[in-house]
Structures are given as structure tokens and as C-alpha cells.
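**Student:** Sequence:
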Amino acid sequence: MFSVQTFVKSAIDPAPPAVPLLTMIRLNEAAFEEVELRRCPPLETFLLGLRMSMWPAFQKEMSAHVDSLKALADSAAGSFLTRGNVRDSNVQTVRFTTPRNVSD
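Every letter in the sequence shown is one number past the one before it in numbering that gives the first Met the number 0, and letter 9, counting from 1, is 8.
Think of the hints as simulated: they come from the structure by calculation, not from any bench.
Any given hint could be a false lead.
As the list claims (entries may be wrong) - Restraint ranges, calculated between C-beta atoms of paired labels, are given here:
#: 1; residue 1: D66; residue 2: V7; range: 24 to 30 Å
#: 2; residue 1: H64; residue 2: L42; range: 31 to 37 Å
#: 3; residue 1: T22; residue 2: S74; range: 28 to 34 Å
#: 4; residue 1: A30; residue 2: K69; range: 33 to 39 Å
#: 5; residue 1: T5; residue 2: L42; range: 16 to 22 Å
#: 6; residue 1: A63; residue 2: S9; range: 18 to 24 Å
#: 7; residue 1: A30; residue 2: S9; range: 15 to 21 Å
#: 8; residue 1: E33; residue 2: L71; range: 24 to 30 Å
#: 9; residue 1: F6; residue 2: K59; range: 18 to 24 Å
#: 10; residue 1: S62; residue 2: N27; range: 28 to 34 Å
#: 11; residue 1: A70; residue 2: S2; range: 36 to 42 Å
#: 12; residue 1: P41; residue 2: D73; range: 48 to 54 Å
We put the beta carbon where it would ideally sit given N, CA and C, even for glycine.
Please take these sequences and the hints and turn them into a complete structure.
**Tutor:** This is the structure:
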């Protein structure tokens, strides 16, 4: 069992990006539902522990995403939807285009 715990810690320790981590959590939930139907309490306990170790890493990643969006909104002059005067150099490279009408 020690090698499984080591594997889990190595998979979560440098936190993966939010989407793969959420995929791992969802796969864990699906496996837990199947194990629950088959009534295997030791594996239920393990899967719950695994999920509990993944949630803080996921919450940390999502908080980082929210903070970056807040910083982006704060760096824009006026409102979030303005097209110009953005102080972030990465955002300045993105060009906003308006969709052309098919009949034009």
C-alpha cells in the first residue's frame, strides 16, 4: 500500500493543471460509485482518501485562475469588456475582431 500512496503523492505534489486534475477527480467519483455498488468498504475508504487529497490541489489551481482573471480585469481601463488600454503585454497582443455578416 505504501507504493500506491507514494504514487498518489507524486501525481498530486506538483499540482497538475486544473482540467486534468478535475478529470482525475471525476474518474475517482465514477470508480467510487462502482465500488459502492459492489460493496467493497476498504476500497471505498481508499478512494475517498484519494479524492480528499485531490480537492485542495484543485481548489488551489482554481483560485489561481480566479486571481489571474481578477488581475486582468483590474489591468483593463474602464470595464472588463473594453477593447483598448490594457496594461498587460500578453493581453495587448490579442486582437478583438467583430464577426462579419455573411451577406457582406
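**Student:** Has the hinted range 18 to 24 Å been met by the Cβ atoms of F6 and K59?
**Tutor:** Since the Cβ atoms of F6 and K59 sit about 20 Å apart, the hinted range of 18 to 24 Å holds.
**Student:** Is 18 to 24 Å a correct range for the gap between the Cβ atoms of A63 and S9?
**Tutor:** holds, 21 Å
**Student:** Is the distance from the Cβ of P41 to the Cβ of D73 consistent with 48 to 54 Å?
**Tutor:** holds, 49 Å
**Student:** If you check the beta carbons of E33 and L71, does the distance land in 24 to 30 Å?
**Tutor:** Since E33 and L71 have Cβ atoms about 41 Å apart, the given range 24 to 30 Å is violated.
**Student:** Holds or violated: the 24 to 30 Å window for the beta-carbon distance between D66 and V7?
**Tutor:** holds, 27 Å
**Student:** Is the hinted range of 28 to 34 Å satisfied by the C-beta distance from S62 to N27?
**Tutor:** Roughly 21 Å apart at Cβ, these two residues miss the hinted range, so it is violated.
**Student:** Given the hint of 36 to 42 Å, is the C-beta distance from A70 to S2 inside that range or not?
**Tutor:** Holds - the Cβ-Cβ distance for A70 and S2, about 41 Å, lies within 36 to 42 Å.
**Student:** Taking 15 to 21 Å as the hint, is the beta-carbon distance of A30 and S9 inside that range?
**Tutor:** holds, 19 Å
**Student:** Does the Cβ pair H64, L42 satisfy 31 to 37 Å?
**Tutor:** holds, 32 Å
**Student:** For the range 28 to 34 Å, tell me whether the beta carbons of T22 and S74 fit it or not.
**Tutor:** holds, 31 Å
**Student:** Range first: 33 to 39 Å. Now tell me if the beta carbons of A30 and K69 are that far apart.
**Tutor:** Given a distance of about 35 Å, which is inside 33 to 39 Å, the answer is holds.
**Student:** At the C-beta level, are T5 and L42 separated by a distance inside 16 to 22 Å?
**Tutor:** Distance hint for T5, L42 holds at roughly 18 Å.
Going down the numbered hints, you'll see the structure goes against 8, 10, while the others check out.
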